[in-house]
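K.L.:
Residues per chain, in single letters:
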Amino acid sequence: MRTITYQQAIGEALAQQMRFDRSVVLMGEDSTNAWGPTKGLHLEFPDRVLDMPITEAAFVGAAVGAAATGLRPVVDLLFIDFATVAFDQIANQAAKLRYMAGGRISVPLVLRAMWGTGLRRGAQHSQALHPLFVHLPGLKVVAPSNPYDAKGLMAQALVDDDPVLFLEHKMLYFMPGGVPEEPYAIPFGSAKVVRPGTDCTVVAIGRMVSVALAAAEQLAAEGVQIEVIDPRTLSPLDTSTIYGSVERTGRLVVVDEAHPRCSLATDIAAQVAQDRFAALRGPVRMVTGPHAPVPFSPELEDAFAPGPDQVAEAVRATGLVKDAAVRSR
Amino acid sequence: MRTITYQQAIGEALAQQMRFDRSVVLMGEDSTNAWGPTKGLHLEFPDRVLDMPITEAAFVGAAVGAAATGLRPVVDLLFIDFATVAFDQIANQAAKLRYMAGGRISVPLVLRAMWGTGLRRGAQHSQALHPLFVHLPGLKVVAPSNPYDAKGLMAQALVDDDPVLFLEHKMLYFMPGGVPEEPYAIPFGSAKVVRPGTDCTVVAIGRMVSVALAAAEQLAAEGVQIEVIDPRTLSPLDTSTIYGSVERTGRLVVVDEAHPRCSLATDIAAQVAQDRFAALRGPVRMVTGPHAPVPFSPELEDAFAPGPDQVAEAVRATGLVKDAAVRSR
Amino acid sequence: MGTSRTTDLTVDQIVEIYRTMSVIRAFEDRLHGLAKSLPGAVHLYSGQEAVAAGVCAALAPDDYIASTHRGHGHAIAKGCDVEAMMKELHGRPDGICGGKGGSMHIADFDRGMLGANGLAGGGVPLACGAALTARQQGTGQVSVAFTGDGGANQGAVLESLVLARMLDLPVIFAIENNGYAQATPAAAHFSGTDMAQRAAGFGIPGAVVDGYDVIAVHAATAEAVRRARAGEGPTVLEFRAERFHGHMELWDDQSYRPDADPERLRTESDPLLLLRSRIAEGTVAGPAAFELDRIDRDATALVEAAVTAASEPFTADPRTLLDHVYTR
Amino acid sequence: MGTSRTTDLTVDQIVEIYRTMSVIRAFEDRLHGLAKSLPGAVHLYSGQEAVAAGVCAALAPDDYIASTHRGHGHAIAKGCDVEAMMKELHGRPDGICGGKGGSMHIADFDRGMLGANGLAGGGVPLACGAALTARQQGTGQVSVAFTGDGGANQGAVLESLVLARMLDLPVIFAIENNGYAQATPAAAHFSGTDMAQRAAGFGIPGAVVDGYDVIAVHAATAEAVRRARAGEGPTVLEFRAERFHGHMELWDDQSYRPDADPERLRTESDPLLLLRSRIAEGTVAGPAAFELDRIDRDATALVEAAVTAASEPFTADPRTLLDHVYTR
Ligand SMILES: Cc1ncc(C[n+]2csc(CCOP(=O)(O)OP(=O)(O)O)c2C)c(N)n1
Ligand SMILES: Cc1ncc(C[n+]2csc(CCOP(=O)(O)OP(=O)(O)O)c2C)c(N)n1
Ligand SMILES: [Mg+2]
Ligand SMILES: [Mg+2]
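Residue numbers (our numbering), protein chains in the order written: chain D, 1 to 329; chain V, 1 to 329; chain S, 1 to 328; chain U, 1 to 328.
I should point out that these hints are in silico values taken from the structure, not numbers from a laboratory.
Glycine included, every Cβ here is placed at the ideal spot set by N, Cα and C.
Don't take each hint at face value.
Stated by the list, open to error - Each pair of labels, with its calculated beta carbon distance range:
1. D/Tyr-243 x V/Pro-183: 48 to 56 angstroms
2. D/Trp-35 x U/Pro-313: 32 to 40 angstroms
3. U/Glu-232 x S/Thr-327: 50 to 58 angstroms
4. U/Arg-297 x D/Trp-35: 36 to 44 angstroms
5. V/Gln-218 x D/Pro-176: 54 to 62 angstroms
Could you build the full structure based on these sequences and the hints that come with them?
P.N.:
The structure is reproduced here in structure tokens:
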């Protein structure tokens with residue numbers, strides 16, 4: 001299998017589906033001069049890559065109306081932080097139109113956005129914000145952590161009939177990975193066990209998957225085998241894979257760089273504490289960004305996002321090390 | 001103590017502070033023709049009650065700028081659902097300005113909004129949405145459940161130096177209650193034990209406090225004494241009162257009418273499952289609105305919000321009834 | 001202000017236009033009495049009938065409109081079923097949106113009605129989107145974005161002007177200036193002279209039209225439709241007509257409206273009476289007065305039948321709460 | 001387009017204006033080389049110096065400005081400390097925002113600088129808010145809202161025009177039309193003729209001004225300031241001047257900009273050279289050329305000293321991450 005980058009994988013999924021489905025159109029600021037996943041697509045699809053003025057409320061709303069009348073718009077929001085200026089169109093229009101119309105229409109819309117810390121852009125260009133969108137019924141939220149998933153999940157987003165927020169972690173754009181050339185779709189709501197393990201379930205998304213894997217190496221050296229799960233889609237969430245894992249490991253750590261309150265970390269931790277309480281042999285642990293905006297200073301920004309040490313520490317704090325000690329005796 | 005309504009209590013806090021502090025100004029659509037808490041205030045303060053055009057992004061942003069330069073604006077958003085059209089000004093400007101400026105300024109702003117189900121207004125006028133704002137660092141979020149708290153918390157909001165989202169439950173506006181005439185402030189981050197109990201901690205906010213109290217009556221008849229806690233402020237959250245209660249009861253149910261995912265219910269449940277796991281004698285339980293927009297149909301809307309039966313059922317499902325049975329044997 | 005003394009509308013067309021206005025009037029005035037027994041908020045359209053009727057008469061059945069919180073008139077004019085609408089207002093599962101929507105969310109995409117909207121200006125970008133679909137697919141359809149004088153100040157609406165111009169979308173912005181946004185007079189918030197001037201600032205042609213005069217409304221819209229279908233892009237039309245009722249039923253005493261005597265409006269500025277008098281004076285070719293009377297009676301009967309049907313007992317299954325959140 | 005041949009600015013004022021432009025130029029052109037070793041995004045202002053310098057020269061120290069992502073020039077013109085700014089760009093705890101802000105968030109409220117902003121148009125409502133404070137408190141202060149040609153299409157900006165007119169706020173909308181929003185030419189997205197015409201549609205007086213001509217910029221701003229202080233409300237000014245550099249350092253190859261030869265811009269459209277030639281030809285009373293040369297050298301030295309200071313080793317305490325989220 002050839003190796004391409006995360007951003008190339010997304011671009012390939014777009015190009016392949018655009019060849020197949022003429023209703024797919026790309027909308028965004030500078031779409032015809034894009035540098036990311038959509039770079040160059042306007043050359044192959046000159047009529048279907050549309051430059052937008054800096055009017056997110058209008059063009060996201062227009063994409064909703066277009067989706068409900070026959071197009072499949074793929075809107076580039078650039079940074080997820082800018083979703084705030086189109087928030088009504090996302091939260092009150094896209095997410096609710098089908099429901100309010102009694103199910104008589106659908107809104108097959110894909111909103112793409114860069115998310116996460118690491119690029120030194122300060123508080124208004126570095127947020128995660130997915131918890132806001134996961135909270136809202138009617139939206140689907142996808143956050144691939146690697147090139148293979150990125151292509152497959154985008155392919156699914158492009159045939160899905162509901163509005164999908166497709167979150168591209170900005171620090172993964174140049175991540176290489178094996179990606180088949182032929183089209184394939186990864187169904188929403190199916191998590192991936194990235195690393196099997198027996199002692200503790202660690203759920204991580206986006207860039208935090210590799211952080212969790214780094215922690216796994218540290219812990220393996222201590223004789224602790226963690227199971228790393230990447231949910232891939234945040235809404236819908238594949239709770240059964242997570243629950244199954246916790247039933248085996250009896251421990252849960254959730255790792256996410258979003259802020260801690262009303263977050264995906266609390267979401268997963270609380271669902272497990274409610275639905276698989278009997279399986280838990282120690283406290284759930286959440287490793288998240290702090291309750292603070294993202295600072296500009298590189299040193300502070302690096303301190304913002306969870307690192308492998310914190311994850312390893314959290315795993316130990318599930319009470320596992322005591323257990324492990326007991327077992328090895 | 002005289003009895004006034006929830007909306008009168010809010011209005012009284014505003015009037016008393018406006019007499020005292022000339023920097024407080026009210027901004028909103030039809031402010032001078034308001035029917036709610038601010039009704040008539042323009043007569044006493046004609047220069048400080050300002051009618052706004054339907055330009056939430058502009059006037060919320062202006063309120064942020066005004067707050068940072070010497071006023072204390074109190075902005076009426078009407079329905080919290082409309083915060084979506086001013087979301088950038090709330091999430092990226094109000095919440096972050098102080099942090100981005102290295103702490104050299106503050107943004108003493110109060111955003112008032114009606115929230116919650118019950119008024120038969122459909123999907124775009126009935127949301128809770130507080131989880132979105134609690135997620136965001138830099139904001140404080142307040143949700144009084146009765147007239148006494150409403151006055152005291154508003155008084156605090158008006159002297160607080162940070163941006164405060166003050167959520168008024170629309171179905172509580174005509175709730176009567178004893179409210180002192182003299183000004184008093186309730187500090188943020190202090191929960192209230194609304195009903196003491198020994199068997200299960202039930203955390204509820206807004207209109208759900210009375211739902212929890214109704215459930216308490218049902219359960220008391222079964223010999224189960226629940227402790228009902230109203231956090232009053234959602235951000236900051238008084239975890240120590242909640243933790244203290246769970247240490248005694250060993251059980252937790254969170255009741256909130258917001259949607260379930262990435263919600264305040266998951267937030268509180270997960271924090272307890274992380275920080276007071278050892279105290280838990282059964283699964284945490286969350287009773288929330290469903291993962292669906294709010295329907296217009298009265299029958300469906302009534303089914304949307306949690307009721308006493310669901311709360312009682314959730315309390316039993318913490319494993320408590322088994323315990324209770326054991327105890328009474 | 002655009003008014004019209006001549007028209008090439010046929011008698012049949014005039015009959016249809018009058019019928020539309022008559023049904024809207026009957027529907028809304030009936031709701032005025034009914035509102036206190038209905039769930040939810042009801043914003044009545046009486047007085048503004050000529051706008052909905054005149055605009056929609058200039059559209060084809062597969063053209064689109066996006067509406068506002070004051071949307072019943074637009075829905076009726078675009079062909080939505082009156083009984084299904086009435087049932088929706090009662091929150092019934094056999095309502096036009098299955099009871100999920102209510103007054104502020106009546107939609108019927110099969111009729112090109114993209115929905116009423118609970119957010120001021122909220123429907124305007126949606127209408128641009130339908131116009132984008134038409135443009136991309138070369139269908140020749142046009143799309144009308146309704147909003148009020150107050151809603152016209154929303155960022156999403158003003159941005160839509162920029163977007164529509166940049167993409168030359170086949171969209172018509174129909175600004176209904178009824179003099180008030182809730183209690184705030186248009187004169188206070190409607191900065192600039194009028195929406196035609198505001199449109200010019202965005203490079204879009206515009207006109208101000210007498211919104212009581214259905215012939216003028218139709219003519220202005222027909223020209224905008226012609227431009228849109230010819231690929232000439234958007235038009236902004238400001239229609240002036242006051243509402244006869246308050247902002248919302250059971251809400252306001254209209255004390256903010258000292259000069260507006262609803263009775264005076266009903267005699268001096270009634271779009272139905274105006275059309276009748278134009279027919280009577282012969283400037284418009286229309287049917288005889290007794291035929292118009294029959295149309296009015298039929299309209300009343302239609303609405304009454306809808307009320308009766310909507311008053312039948314029904315049960316709503318709470319489990320349907322979870323239907324239609326997603327396609328699957 | 002507004003240009004100016006005469007001025008009553010004194011020699012001292014001209015010196016100050018030239019100095020401001022010279023410092024901005026030195027700062028920005030120095031950053032051009034430095035950007036690859038700096039954290040974060042850097043949007044350079046070279047070419048547009050006359051706008052920041054001319055506008056801010058017409059303001060009092062306690063007047064307000066709100067800026068954009070391309071904000072260094074505005075900050076310098078409003079009196080922010082150059083060394084503290086340079087330190088901020090390096091992410092240092094002794095930067096003007098303690099390293100928390102960075103290039104897109106430089107703020108100094110003590111100088112009336114309400115902050116650069118990461119959101120296109122994001123600062124405009126904030127400036128209206130400062131104007132509201134001034135109006136409520138009767139201080140006579142005015143507030144300037146900077147935004148670009150692209151940002152001028154944002155809903156929050158267009159709504160701000162409505163708001164400013166309705167409240168007659170002492171605010172000046174300074175639209176810097178530098179020909180591009182990232183790679184999109186203004187001609188494509190800037191619907192309508194110009195911002196003066198757009199302003200007229202909102203009932204606000206406006207003018208289009210040569211943004212290379214600092215005398216013209218100053219004159220137009222001074223008149224707007226006079227209006228604002230006299231209680232006559234807002235003004236919209238469109239300043240035209242292209243940026244010499246790309247949209248953002250290390251980002252674009254400017255291939256979208258075939259006609260823009262930065263070298264040609266630097267010779268034909270340099271606001272500093274233009275002011276020098278106006279002085280030389282005697283239409284503006286200014287100092288001798290050698291004095292201007294010294295100002296340039298001082299500016300370079302000032303910036304170089306700032307770079308040196310900002311390059312000193314430092315430590316950032318990760319625990320400060322949690323400071324300043326709330327006042328307490
Ligand atoms: C974004 C938003 N802000 C505020 C409201 C509350 N609101 C409902 S109708 C209305 C007045 C609308 O006035 P206008 O657009 O002139 O329409 P009219 O009611 O006159 O038909 C307002 C402010 C809303 N629905 N949406
Ligand atoms: C709301 C929002 N949308 C998009 C962007 C991304 N963006 C940053 S600068 C820019 C172009 C701004 O153009 P203009 O306002 O003309 O300013 P200039 O860069 O030319 O100074 C864009 C689209 C943003 N920062 N904010
Ligand atoms: Mg109106
Ligand atoms: Mg520009």
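K.L.:
Evaluate each hint against the coordinates.
P.N.:
Here is how each hint holds up against the structure:
1. For D/Tyr-243 and V/Pro-183, the hinted distance range of 48 to 56 angstroms is satisfied, since their beta carbons lie about 51 angstroms from each other.
2. Checked against the hint of 32 to 40 angstroms, the C-beta distance between D/Trp-35 and U/Pro-313 comes to roughly 34 angstroms, which is consistent with it.
3. Under the hint 50 to 58 angstroms, the C-beta atoms of U/Glu-232 and S/Thr-327, about 55 angstroms apart, fit the expected range.
4. Against the hinted window of 36 to 44 angstroms, the Cβ-Cβ separation of U/Arg-297 and D/Trp-35 comes to about 38 angstroms, which satisfies the hint.
5. Between V/Gln-218 and D/Pro-176 the C-beta distance comes to about 60 angstroms, which sits within the given range of 54 to 62 angstroms.
When held up to the earlier numbered hints, the structure conflicts with none and fits them all.
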